[in-house]
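**Q** Make a model of the complete structure from these sequences and hints.
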Amino acid sequence: GAVVSQHPSRVICKSGTSVKIECRSLDFQATTMFWYRQFPKKSLMLMATSNEGSKATYEQGVEKDKFLINHASLTLSTLTVTSAHPEDSSFYICSASSLAGVRTQYFGPGTRLLVL
Amino acid sequence: GIQVEQSPPDLILQEGANSTLRCNFSDSVNNLQWFHQNPWGQLINLFYIPSGTKQNGRLSATTVATERYSLLYISSSQTTDSGVYFCAVPRGADGLTFGKGTHLIIQP
Chain A
96 GAVVSQHPSR
106 VICKSGTSVK
116 IECRSLDFQA
126 TTMFWYRQFP
136 KKSLMLMATS
146 NEGSKATYEQ
156 GVEKDKFLIN
166 HASLTLSTLT
176 VTSAHPEDSS
186 FYICSASSLA
196 GVRTQYFGPG
206 TRLLVL
Chain B
90 GIQVEQSPPD
100 LILQEGANST
110 LRCNFSDSVN
120 NLQWFHQNPW
130 GQLINLFYIP
140 SGTKQNGRLS
150 ATTVATERYS
160 LLYISSSQTT
170 DSGVYFCAVP
180 RGADGLTFGK
190 GTHLIIQP
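Protein chains in written order, with my numbering: chain A, 96 to 211; chain B, 90 to 197.
No lab work stands behind these hints, which were simulated from the structure alone.
Be aware that one or more of the hints could be misleading.
What the hints assert, rightly or not - If we take Cβ atoms under 7 Å as the criterion, some of the chain B residues that face chain A in the derived model are: (1) G130; (2) Q131; (3) L132; (4) Y137; (5) G184; (6) F187; (7) K189; (8) G190.
Quick caveat: nothing in here was measured; it's all calculated off a predicted structure.
Here a beta-carbon is modelled for each residue, glycine too, at the ideal position from N, C-alpha and C.
**A** If you want it as structure tokens, here you go:
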């Protein structure tokens, strides 16, 4: 149980285009999902907290207009990188926290974004 | 915010060896998780351990909340144990603050 999927697993795009990344909780409902960013050989940094049916909460220094987050249902959150630039290239990982019991976070497999 | 420090940053061992990874945190926490990030980037939950000791096969973890540290023990290491081990504690509304990780290489 507690499986989280992400799509796509990797994407290459041109500068100026927008990229959407989906995060799904497959076998549980998640009122809260989280988006992290990881640079090569670095730790994970929380970008934003996504609550179903409400606006996302962004961490300090994360541009809301660049990283659009939508959490339309209890099993789906999306991250859209708008007008992507090479510096947006990174590994993006989502996680979901289950409703019941212990608030353990379960992580998706990540999406590698390369902006040319 | 809370600070999380992990040691050692890098560790190279021969197959069959035992290892201890440490995680120190700067403030009281009600949750602590250990993760293994495999070479493909997938984070695998190892332990949810706010206090006490847990064991799962060759891995075990101990958190001493009053002294603000947690230890991850790996016994009889295998090459598949290679990867980065992270500990993480809650920040704000359930988001996590991660340590910088321990990069473990198990050589055959």
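**Q** Decide, hint by hint, whether the structure agrees.
**A** Verification of the supplied hints:
About 4 Å separates the beta-carbon of B/G130 from the nearest beta-carbon of chain A, less than 7 Å, and the hint is met. Hint status for B/Q131 relative to chain A: holds, with the closest Cβ pair at about 5 Å, below 7 Å. Because the closest C-beta pair between B/L132 and chain A is about 4 Å apart, less than 7 Å, the hint holds. Proximity of B/Y137 to chain A holds as hinted, the smallest CB-CB distance being about 5 Å (cut-off 7 Å).
Because the beta carbon of B/G184 sits about 4 Å from the nearest beta carbon in chain A, less than 7 Å, this interface hint is met. Below 7 Å, beta-carbon pairs count as interface contacts, and B/F187 has one with chain A at about 5 Å; its hint therefore holds. For B/K189, the suggested interface contact is upheld, since its CB lies about 5 Å from the closest CB of chain A, less than 7 Å. Evaluation of the B/G190 hint against chain A yields a held restraint, the C-beta minimum of about 6 Å falling below 7 Å.
Comparing the model with each earlier hint shows no violations; every hint is respected.
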